[in-house]
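Everything in the sequence shown is counted per the numbering used here, starting at 129 for the first residue and increasing by one.
Don't take every hint at face value.
As the list claims (entries may be wrong) - Here are the computed lysine-lysine pairs in the DSSO-like style, where the Cα-Cα straight-line distance is at most 27 Å:
| id | residue 1 | residue 2 |
| --- | --- | --- |
| 1 | Lys364 | Lys208 |
| 2 | Lys364 | Lys379 |
| 3 | Lys353 | Lys208 |
| 4 | Lys229 | Lys364 |
| 5 | Lys353 | Lys229 |
| 6 | Lys209 | Lys229 |
| 7 | Lys587 | Lys209 |
| 8 | Lys208 | Lys565 |
| 9 | Lys379 | Lys209 |
| 10 | Lys353 | Lys364 |
| 11 | Lys444 | Lys298 |
| 12 | Lys544 | Lys490 |
| 13 | Lys208 | Lys544 |
| 14 | Lys444 | Lys518 |
| 15 | Lys209 | Lys518 |
| 16 | Lys364 | Lys298 |
| 17 | Lys444 | Lys208 |
| 18 | Lys308 | Lys298 |
| 19 | Lys565 | Lys518 |
| 20 | Lys587 | Lys298 |
| 21 | Lys490 | Lys209 |
| 22 | Lys490 | Lys587 |
| 23 | Lys208 | Lys379 |
| 24 | Lys379 | Lys587 |
| 25 | Lys308 | Lys209 |
| 26 | Lys229 | Lys518 |
| 27 | Lys353 | Lys444 |
| 28 | Lys379 | Lys518 |
| 29 | Lys490 | Lys379 |
| 30 | Lys444 | Lys544 |
| 31 | Lys229 | Lys208 |
It is worth saying that the hints were derived from the structure and are not from the lab. Please read all numbers here as calculations on a predicted model, not as lab measurements.
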Amino acid sequence: MNKISLGKKDVIWSYIAQFLSMGAGVLTLPFILNRLTVAEIGLNYILVTVGSVIALVDLGFAPQFARNFTYVFSGAQELKKEGIGRTGEETNYELLGYLLKTARYIYGYLALFALILLLTVGTSYIYKATDGFSNVPNALIIWVIYSIGVLFQIFYSYYFSMLLGAGKIKEQKFALIGNKVIYIGITIGGLYVGWGLISVALAQLISPFFGRILSYRYFYTSTLKERLREFSFETKERIIDIFRTLWYNAKRTAIMSIGAYAIMRFSMFIAGLFLSLEEFASYGLMIQLMGIIGNVSCTFMQISQPKLASLRASGKRERLLQAFSLAYDIFLILFMAGSIVLIFWGSSILSLIKSNAILPNKTILILYCIVMLLEYNHSNFAGLISTDNKVPFAPASIITGIAVCIGVFCVVYFTKWGIMGLVIVQGICQAVYQNWKWPLMALNEFNISIVSLVRIGIKYIFKKVFDKS
């Protein structure tokens, strides 16, 4: 049985990958604004928007594969729709091989579906947006290349779940960093030599291959290859059975993702229709900066998921609680620090870089920080619950998403509350159920209070963070 651990190098490289992911847009933006026409810049933002929506095509399989890979490497002898099945001391390589083959099949079909969707519905949209492909040079070629790039991005994405599930956190981050470096290099280099927007499309097409090459090299060790050669993996019924097992929770995760998308993104679409450009820029800037704070704060929690799942599968509840407490305290510390900087020095920092957009007033910032603290808080506890291979969040997520959509529309259409109204709607809709339900469920399972949970994390934080393992 493989031991899933989390060392200092895993943490360091995870934060480097997180910063690089967030910084990719920042590094390429000056070149995009300087080298492209206004029409090309507009088309580029359309590509970015399409990219954010197409992520939903994953249908919730990524976390399911990562978690089940962890179970298998931790000794699981069977996969179950809910809970954890029989476990043993050795990795079941036959089960691992079938899980890998199932991943290839599923992501192959998902990628093909995405490509068909992009080349049909997407092409019609791009045709109208570019006035019949006339106001942007090579618009159709750019779109086709970008669409094929999305195909490979989706198809190869399961490699990252493989590495994460195997506990190879550092290696997964190397692959992600390599992916981003290639993307940035091709984009900037192409723009610099005058390729225009086609350089962005080429970066989207080529970079997934580099991530796949690195991921394959890190995952398929010589020992693993030898063990997998012992089996043929030709039983289609076994693949279909694994698919059905994963789909049981994946569909719930997909619904939850759609609900989360509605909660976090729908207000942006509505705000763009009813708010002034100045207000919309201010609102978007606040969301973007809070997204950075949230991503950095939750990075340690995210990379701890394979370890948490492994401890759950091994029945080590006390160590599971300790590991979660450590990650939870790190989340609280980083989120509080980031929020303080945003509230008290955010406007000053923007003035120093001569930003044309400004942040909302401090009252709105404080309220939004509280709303998002509760949002990320219940998401972290939901992650702890899901380590037991249970996903009860889907109905609540979709209902909350619908409530946010209705509430946001009513606020912007019938009132003059502006940004404050958008923040209040999101906060109230989440506070009604999700903000308290999932933390309470997790705390009751372990029979512990939130104060005691924080205390456990404080006891272990220095030992774990500065451990030489």
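How the hints compare with the structure:
Distance restraint check for Lys364 and Lys208: the Cα-Cα separation of roughly 18 Å lies within the 27 Å cut-off, and the hinted pair is therefore satisfied. As the CA atoms of Lys364 and Lys379 are separated by approximately 22 Å, the hinted pair is consistent with the 27 Å bound. Simply put, Lys353 and Lys208 have alpha-carbon atoms about 26 Å apart, close enough for the 27 Å limit, and the pair holds. The hinted pair formed by Lys229 and Lys364 meets the criterion: a straight-line CA distance of about 10 Å does not exceed 27 Å.
Of the pairs offered as hints, the one joining Lys353 and Lys229 holds, with about 14 Å between alpha carbons and a cut-off of 27 Å not exceeded. Restraint check for Lys209 and Lys229: the C-alpha separation of about 18 Å stays at or below 27 Å, so the hint holds. Between the alpha carbons of Lys587 and Lys209 the distance comes to roughly 35 Å, so the proposed pair goes past 27 Å and is violated. Taking the CA atoms of Lys208 and Lys565, the gap is about 25 Å. The hint holds against a cut of 27 Å.
Note on Lys379 and Lys209: the hinted pairing holds, with a Cα-Cα distance of about 12 Å set against a maximum of 27 Å. With a CA separation close to 21 Å, the supplied pair Lys353 and Lys364 stays within the 27 Å bound. Under the criterion of a C-alpha separation no larger than 27 Å, the hint pairing Lys444 with Lys298 is consistent with the structure, at around 24 Å. The hinted pair formed by Lys544 and Lys490 meets the criterion: a straight-line CA distance of about 19 Å does not exceed 27 Å.
Distance hint between Lys208 and Lys544 is unfulfilled; the C-alpha atoms sit about 51 Å from each other, more than 27 Å. Distance restraint check for Lys444 and Lys518: the Cα-Cα separation of roughly 18 Å lies within the 27 Å cut-off, and the hinted pair is therefore satisfied. For the suggested pair Lys209 and Lys518, the alpha carbons sit about 8 Å apart, so the restraint of at most 27 Å is met. Restraint check for Lys364 and Lys298: the C-alpha separation of about 34 Å exceeds 27 Å, so the hint is violated.
With a C-alpha separation of about 19 Å, the suggested pairing of Lys444 with Lys208 holds against the 27 Å cut-off. A C-alpha spacing of about 15 Å is found between Lys308 and Lys298, which places the hinted pair at or below 27 Å, so the restraint holds. With a CA separation close to 15 Å, the supplied pair Lys565 and Lys518 stays within the 27 Å bound. For the hint pairing Lys587 with Lys298, the CA-to-CA distance comes to about 26 Å; that is within 27 Å, so the pair holds.
Among the hinted pairs, Lys490 with Lys209 is inconsistent with the structure: their alpha-carbon atoms are about 46 Å apart, more than 27 Å. Our distance criterion of 27 Å between C-alpha atoms is broken by Lys490 and Lys587, whose separation comes to about 34 Å. With a C-alpha separation of about 15 Å, the suggested pairing of Lys208 with Lys379 holds against the 27 Å cut-off. Distance hint between Lys379 and Lys587 is unfulfilled; the C-alpha atoms sit about 38 Å from each other, more than 27 Å.
Between Lys308 and Lys209 the CA atoms are separated by roughly 35 Å; this puts the pair beyond 27 Å, and the hint is violated. For the suggested pair Lys229 and Lys518, the alpha carbons sit about 23 Å apart, so the restraint of at most 27 Å is met. For the proposed pair Lys353 and Lys444, the alpha carbon gap of about 30 Å is over 27 Å, so the pair is violated. Our distance criterion of 27 Å between C-alpha atoms is met by Lys379 and Lys518, whose separation comes to about 12 Å.
Between Lys490 and Lys379, the direct Cα distance comes to roughly 39 Å. Violation of the 27 Å bound is thereby established for this hinted pair. The hinted pair formed by Lys444 and Lys544 fails the criterion: a straight-line CA distance of about 53 Å is larger than 27 Å. The hinted pair formed by Lys229 and Lys208 meets the criterion: a straight-line CA distance of about 17 Å does not exceed 27 Å.
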